[in-house]
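**Student:** Throw the hints in and build the complete structure from the sequences for me.
Residues in the sequence shown are numbered from 29 upward in steps of one, following our numbering.
Among the clues, some could well be false.
Okay, the calculated beta carbon distance ranges per label pair [stated by the list, open to error]:
# : residue 1 : residue 2 : range
1 : Lys159    : Pro91     : 22 to 28 Å
2 : Gln76     : Glu105    : 32 to 38 Å
3 : Gln112    : Lys229    : 41 to 47 Å
4 : Glu254    : Phe75     : 46 to 52 Å
Hint data in this document are derived by calculation from the structure and do not stem from the laboratory. What you are looking at is a predicted structure, and each value in this text was computed from that prediction instead of being measured. Ideal Cβ positions, reconstructed from N, Cα and C, are used throughout, including at glycine.
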Amino acid sequence: MKRGKSKERLDKILVDLGFFENKSKASAAILAGNVMIGTEVITKAGFQIDPSKEYDFKVKSMPFVSRGGFKLKKALESFDVNVQDRICFDAGASTGGFTDCLLQNGAKFVYAVDVGYGQLDWKIRSSDKVKTIEKTNLKICGVNDIYAEGEVMADLLVSDLSFISLEKVLPNLKTLMKPDYHEMICLIKPQFEAGKELVEKGGVVKDKKTHEMVINNVLNCICGLEYVIRGLTYSSIKGPAGNIEYLVHFSTEGEECKLPVANVVAQAHENLS
Numbered sequence: 029m030k031r032g033k034s035k036e037r038l039d040k041i042l043v044d045l046g047f048f049e050n051k052s053k054a055s056a057a058i059l060a061g062n063v064m065i066g067t068e069v070i071t072k073a074g075f076q077i078d079p080s081k082e083y084d085f086k087v088k089s090m091p092f093v094s095r096g097g098f099k100l101k102k103a104l105e106s107f108d109v110n111v112q113d114r115i116c117f118d119a120g121a122s123t124g125g126f127t128d129c130l131l132q133n134g135a136k137f138v139y140a141v142d143v144g145y146g147q148l149d150w151k152i153r154s155s156d157k158v159k160t161i162e163k164t165n166l167k168i169c170g171v172n173d174i175y176a177e178g179e180v181m182a183d184l185l186v187s188d189l190s191f192i193s194l195e196k197v198l199p200n201l202k203t204l205m206k207p208d209y210h211e212m213i214c215l216i217k218p219q220f221e222a223g224k225e226l227v228e229k230g231g232v233v234k235d236k237k238t239h240e241m242v243i244n245n246v247l248n249c250i251c252g253l254e255y256v257i258r259g260l261t262y263s264s265i266k267g268p269a270g271n272i273e274y275l276v277h278f279s280t281e282g283e284e285c286k287l288p289v290a291n292v293v294a295q296a297h298e299n300l301s
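**Tutor:** Given below as structure tokens:
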């Protein structure tokens, strides 16, 4: 491959060459480790390409519309959650990675809710199994903002929220779910749970003790809402800025498990740092 003189980002190059339809999908594939140059896996979307050189790009197909699908896939497997024929709620749907994963695992219907607008991938947006609900603040919205008359309330919620603490949004999310029984799988992002003084340059939180602290804070919040905590694991891939993230599973009833928070954090850092 030969291009002009100035260097360009890898994600842009892959779009220009027709591997992906937009930079968002190219970036997701790169961050998921699905792009190789020769025998080297490149995981930085901003990796600089020298246009004066020839490159042997190898690109694996993405099973989900965004890399978020990989995060939820691990959670469903780790927590042994059956999605088949269930009514689901994707809190913070964004481009639709979690929703895509739910559909591929047999979800009957998904309410895809986000505060943003126009982000949801067309494949997901156009599905008759998805109701797209945009410009909706999950911290304050009500049941009528989600469900039309006659619609069945969700009994499985998954969340991938940014720029807000789970502690601030979980109380309201509980009111949006089927009251007799429901369960949730939530992504815990230390950078949005820790105080600003604990977040390093670039929005990254690396300290293990800080990770343990924010996880325990979220778990205490969950217990305070009278949920049963069923499991905790770490995401198989980091967030875009390089943050290690965690997933927690809880429900209105069921068998509670002991959570070795320090062990989960240690394993995450050992495998992802």
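**Student:** Indicate, hint by hint, whether the structure satisfies it.
**Tutor:** Now for the hints, and whether the structure bears them out:
no.: 1; hint: Lys159 with Pro91: 22 to 28 Å; result: holds (23 Å)
no.: 2; hint: Gln76 with Glu105: 32 to 38 Å; result: holds (36 Å)
no.: 3; hint: Gln112 with Lys229: 41 to 47 Å; result: holds (44 Å)
no.: 4; hint: Glu254 with Phe75: 46 to 52 Å; result: holds (47 Å)
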